[in-house]
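**Student:** The primary structure of each chain is shown beneath.
Number of protein chains: 4
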Amino acid sequence: MIKIGIIGISGYSGATALELLSGHPEVRVTYVSANNTTGKVDDIWPYLAGKTNLVCRKLDIKQAAAKCDLVFLAVPHTVSLTLTPRFLKAGVQVIDLSGDYRLNSPSQYKKWYGSVHSDVKHLKTAVYGLPELYREDIKKARLIANPGCYPTAALLALAPMVSTQGQWIESIIIDAKSGVSGAGRKASVALNYCEANENFRAYKVLNHQHAPEIDLYLSKIASRPMRVDFVPHLLPVNRGILETIYIKTNQKFGLSAIHQIYKRFYKTGTNRCKIGLAHNSNGNLFVITSVIDNLIKGAAGQAVQNMNIMRGFKETTGLL
Amino acid sequence: MIKIGIIGISGYSGATALELLSGHPEVRVTYVSANNTTGKVDDIWPYLAGKTNLVCRKLDIKQAAAKCDLVFLAVPHTVSLTLTPRFLKAGVQVIDLSGDYRLNSPSQYKKWYGSVHSDVKHLKTAVYGLPELYREDIKKARLIANPGCYPTAALLALAPMVSTQGQWIESIIIDAKSGVSGAGRKASVALNYCEANENFRAYKVLNHQHAPEIDLYLSKIASRPMRVDFVPHLLPVNRGILETIYIKTNQKFGLSAIHQIYKRFYKTGTNRCKIGLAHNSNGNLFVITSVIDNLIKGAAGQAVQNMNIMRGFKETTGLL
Amino acid sequence: MIKIGIIGISGYSGATALELLSGHPEVRVTYVSANNTTGKVDDIWPYLAGKTNLVCRKLDIKQAAAKCDLVFLAVPHTVSLTLTPRFLKAGVQVIDLSGDYRLNSPSQYKKWYGSVHSDVKHLKTAVYGLPELYREDIKKARLIANPGCYPTAALLALAPMVSTQGQWIESIIIDAKSGVSGAGRKASVALNYCEANENFRAYKVLNHQHAPEIDLYLSKIASRPMRVDFVPHLLPVNRGILETIYIKTNQKFGLSAIHQIYKRFYKTGTNRCKIGLAHNSNGNLFVITSVIDNLIKGAAGQAVQNMNIMRGFKETTGLL
Amino acid sequence: MIKIGIIGISGYSGATALELLSGHPEVRVTYVSANNTTGKVDDIWPYLAGKTNLVCRKLDIKQAAAKCDLVFLAVPHTVSLTLTPRFLKAGVQVIDLSGDYRLNSPSQYKKWYGSVHSDVKHLKTAVYGLPELYREDIKKARLIANPGCYPTAALLALAPMVSTQGQWIESIIIDAKSGVSGAGRKASVALNYCEANENFRAYKVLNHQHAPEIDLYLSKIASRPMRVDFVPHLLPVNRGILETIYIKTNQKFGLSAIHQIYKRFYKTGTNRCKIGLAHNSNGNLFVITSVIDNLIKGAAGQAVQNMNIMRGFKETTGLL
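Residue numbers (this note's numbering), protein chains in the order written: chain A, 1 to 320; chain B, 1 to 320; chain C, 1 to 320; chain D, 1 to 320.
The hints are simulated quantities; they were obtained by calculation from the structure and are not laboratory data. On a predicted model such as this, the values are computed, not experimentally measured, just so you know. Don't take each hint at face value.
Any copy, or any two copies together, can satisfy a pair, since identical chains are not distinguished.
[Said to hold, decoys possible] Derived lysine-lysine pairs resembling DSS-like cross-links, with alpha carbons at most 30 Å apart:
#	residue 1	residue 2
1	K220	K314
2	K252	K220
3	K248	K124
4	K67	K274
5	K220	K248
6	K274	K40
7	K111	K248
8	K204	K274
9	K220	K110
Chain A on its own, in the form it takes in the complex (with noise of 0.2 Å):
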C-alpha cells in the first residue's frame, strides 16, 4: 500500500485523481492541501461524500514529504517550478500535471509560459507520460510531466501516422474544441456560467501554449521535424475534448490502408481515446477525430495511469 499526496485539491483535476484513487486498491491518499480552501473534503466536493474523510490543510512540504510515498501536483504552473525539486529531494516521486515540465526547453518555457524556468536540472530528466509512448521511461521516472489535455488527444491521434508515414505528411491542421473544466477551477468573469452558456468561441487562434508541445513530441515520434496548426475553441459543455485533425499528404491512401497502420500501431486498442477517420475523394486529406475526456485521459486518469506503470501495479487499476 504506497501513500499518496493531491496538492490542489481544491481544483478538478485534484478532486478527479482524489476520486479514482479512492477505489484504488493498491494505495492510499494520505495528504491532501490546496491553497485557499481549507476543511474536510467532502464538504468542498459533496460528490465525495461517502469515499474520502481526508481534511484539506494549506501545503506544509515537510509534512506532505513525510507522509507521501508519491505525490500529484495539481497546481497552476509555475508553482509546480517551486514545490518539484523540494518534494524529489525528500525523495517523494512526483506526477506533475501543470505544463511546467512538458517543453524540455527553457527559452521555449519562457515564451510560452511567460517566465524564466528555474528548475532546468529536472526539466531535462523529466519523463513525458503518454504511457502508448513512452511507457519504459515511465517504469524508472522519477518526475513525470504528465501531457497537457490537447496534446493528449493530438499526440495519440497522429502518433500511428506521423510514426510510420511522416515522409508523406504535407500539413497538419488541428481544430480543437474543450469543455469549459478545461479552463481550470477560478474565479473569473470570462469562465461564468452565463458567458460560457449558449456561447461558443475561438481563442489564442494559432497561439496556444499547447501547440509547441505537440510539435515537439510528434517530431520525436516522426524522428523529423513536425509543425501543426492549432487552433482552440471553448465549448459549453462541463467536460470533455474533441479535435478534427486534418492531415494533407503528398501521397494518395486509400481508407482500409489507413485503417490498418492505426490497428497495428495500437494493437491492443487504447480504450480511453477515441479516434474516428475520414478521407476525401482525392485521397490526399485525412480527417481524424479523437475525443478523450479532459479530465480523466486529459489529466488525473492518465496520471493514475503513469503511477501504476511507475509502481509496477496493473496499467488500467483504478481506471475501469
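Given the coordinates of chain A, assemble chains B, C and D onto it according to the supplied hints.
**Tutor:** Just chains B, C and D now, kept in the frame of chain A:
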C-alpha cells in the same frame, strides 16, 4: 431629449439598460461608467456594436451630474447609498436598481443587507418603482427604488388576490427559480459554468433578502400584515424567473372567479409578466405561476418604464 | 449466478440497468430487447462499449422466459400489463419500472393512466418496491412495482415525519423539478434540445399521475388519509430531481427535534437520497429538499436494489 | 403594402420570418400555413404573442396565391419542388429557404438530396440570394434560392480572398459548428435534449450537402474551379454558426494585406456576419472565423433582405 447616465455599465442590468435606451427616441445616454472596467462600450459588450459609441470611464460624480438629467444606478447595494445623495443634491433624478432604498426601515435594512443605512432621509422619500401599483407616486418621484426581480414577479402575481380577497388568505408560499444572471456579473467560483451547468439548487431557504421586500409591499397592498414563505433556487439558464406560488385560502373559490379577479385588476393586461392559474379539487389552494425576464421587467426594463412615467413619456416607449 | 433480462434496452432506464448490472458480481444479463431498435447494444449505446457483447432483438417472450430468472420491464405503461402475466406464468420474477402496478385500485389506474387495467389479479399482489419501507415484503415478492421517480424522492423525504408526527400535519405541498431524461427517450418536438434548453416550465399542475401514487403510500405510512398538492416542473438538465417540500403543521417544532426524527428513522442513513431541512421563524412550516438521481434511485438503481433484496444479495451490490 | 405568405410557420425559419416581418413597415403577412399544426399562431409560438393575430391552416395553394404577392417557402427540401412552379405560375414571387434551387445541376441535386429534380426549368433561372454578391440579379428575380446557413457564413468569409487572390490559394478547409436549430424542428430522438446536451459531435464528415453549394458559388466568385473540404459539427446551443476556415496559400501574405483585401471588398461592412482573421508565422496559412445567427443571416433574415431588394425597399428594413 433628456440626458441619461448609467452607472455600472459592466454589469448585466447596466448593459441591458443601455441596450433598451439606445432605441428610445426621447432620451440620449450621455455618460456611462464602471468601477473596474474602462474603454469603449462595444469592446466590453460586443453585442452592442453599432448601437453605441460611448466610452466607459471610472465614475466621476461631478462630471456625471453635469452631463445627465437622470441616472440609472446599476451598482451593488451599499454603493448606491453613497452615490444617491450626491446625485440628488446636484439635481439629478435617480433610479436605483440596487436594494438600498426598497425596505422602508433602517433596522430591516441592517438585518437583511448587513450594514447600517447611511441615508435614512432619502430612504423615507424613495418611491417603490412598481408602476402597476404606484404609477401616480412615480410621476412625482425624484428617487425611485427599482423593485427586486423576485418581488416584481411575486407582487404582480399576488396583487389582485391580496388587494381584494386578503381576508380569506391563510398562507402564501413562493417557490422561486431564477436564471444565473440574477446573481450579477462577478468573478466567483460558485457562478462558474461548470458549477452551475447541469445543476440546480435551493439557496437562502426561507432567508432571502427579497422576502421582507415582498412582505412589506404585499402588506401595503392588502392593507393588513402579510407574510410569505419564500424559497429561491438557481436555474441553469441565462435569464428568466419562474415563481410557483401557493395560496391557501379558508374560503373556497372557483377558478373562473379567480380569473375574473385578475382580469378586473389588470384591465389592459400587463404584457411582460405572464401569470398562470390552477387550483386543487378542494378549491382552497391556488397555484399561480408568474414568469418574467429578470433583466427586463425584473431590472432594466422596469427602470426604463419608471423613467418614462417620471418624464411623462408613453409608458412603453423603448420597451416593445 | 442468476440470469437477468432487460426488456426496453433502448430507453434510459433500461440502459442504466444494464450499466449497473454489468458490474454486478452475482448476476449475468442474458437477454435484452427493444421494440423499435435492434443490433449490438454498444452500437445503440456507445458509452457501454467494453461492458457488453449483447445483441438487442425484438421481444420474443418465450425465448426471454427461457433465458431469464428475472426480468426488468423498462417499457411504457400499458405495455407492462401485457408482459407481466406471461413472465410470471413462466416462473420468471418481474421488476416493473412502469406505472402499471403502483396504484392498487383499477379505477384509480383508469383515472390517471387513461386505460382499463387488464391484470387486476397481479395488481393486488404486486409489492411496492421502496426498500426503506417495504424491505420484508420485497424479500418474498414475485412482482415488484418499482416506484416512480417523483414518489421516491417525496416518500423518502416525508416518511419520517408522517409516520411519527402525522397527526400534526396540516398540509403538504411538493414543488418538484426533474431533468429531461425523466420524460423518457422518444421522438417528440417538446423534448427537442431547442425547446427544453434555456427554458423551464411547470406542467400537469396539480394533475400529475405521480400525485395519487404519493397519496396512496403516504397514507399507508401515516395510517391515516394523506393528500399532497403536487406541481412538477421540467429542468434543463439531463438527470436529477430536486423536490422542495413544504409541510405545514398545527404544532410548533424546533429544527433539532425534526433532525432527531429523521435520524432515528433512517438509522444507517439512506445514502442515495439527500434530504435537507429548514423551518420558518414561526416553527410551523418546514421546508424539506429531497434530491435523487432520477435514473438511479428514481428508476434502474432502485430496481437493482429490489433485485438484491429479492435474491438475498447484499442490498448495495452493484450500486456503489 | 405588399402581401406576404409564409409556408411552414411551425418551423424555426418560418417563425423567425414572421417575427421579423411583423416589424416591417412595408409589408403585411396575410397568409401562413403548416402541414401538421393548425390554430392560432400565438398558441403555436407563445413568444409571438402580441405580434400577430394570424391563424395557421393546412396549405391551400390557390387561396395562398390569391392572398399573397410573395411567399416564403420555409419547408423541407423536395416540398419546395412541388410548390414553387404553382406559385410562380400564379404570378406570386417565391423565396425558397430549402435547398431545392441552390445547386444548378439536376445530377448534383440527385446526388446530394437523393431524389430527382422535377422542376429543372426554374432550377436554371433561380437566383442565388446572397445579396453581398448577387444584388443586381436579385432585383430582377422572381424565384430566389435562399442560401444555406453554412454556405452563407463560408461564402461571406471567403469571397474577398477568392475573388482577388484565387490564384494563390492551395486549399481551403472549413471546420463548421452549428447550433441545434440548424437541424430544423422535427420529432427525432437524435435531437432530444438529453442526446444533444453536454455533447458535441462531427457528422456527415466530408459528405454534407452544403459542400457542393459552397464549391459551386466559390468557383463562380473565383472564376476558376474551387473545392473545399467541409466538416460540420453539432454544438449544444440553440442558435448560431461559427466556422473556422483554414486557407493555405502558395504565396506569403502579411496580415495587414489581408485586412486590406477584406476592407476593400466589404466597403461598408456587412453587419451581420462577423469575420475574424489570423495567420501563422510562415504567412502561408490564414485562419478565418466567420460567425452568423443561423436563423437570421443564415435563413429568415437573409430571406427578408432578399425580399427588400426584390421590392425596392431599403435593404435593411425590418432587420435592425
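**Student:** Can you list which hints this structure breaks, lowest number first?
**Tutor:** Numbers 3, 4 - these are the hints that the structure violates, sorted from lowest upward.
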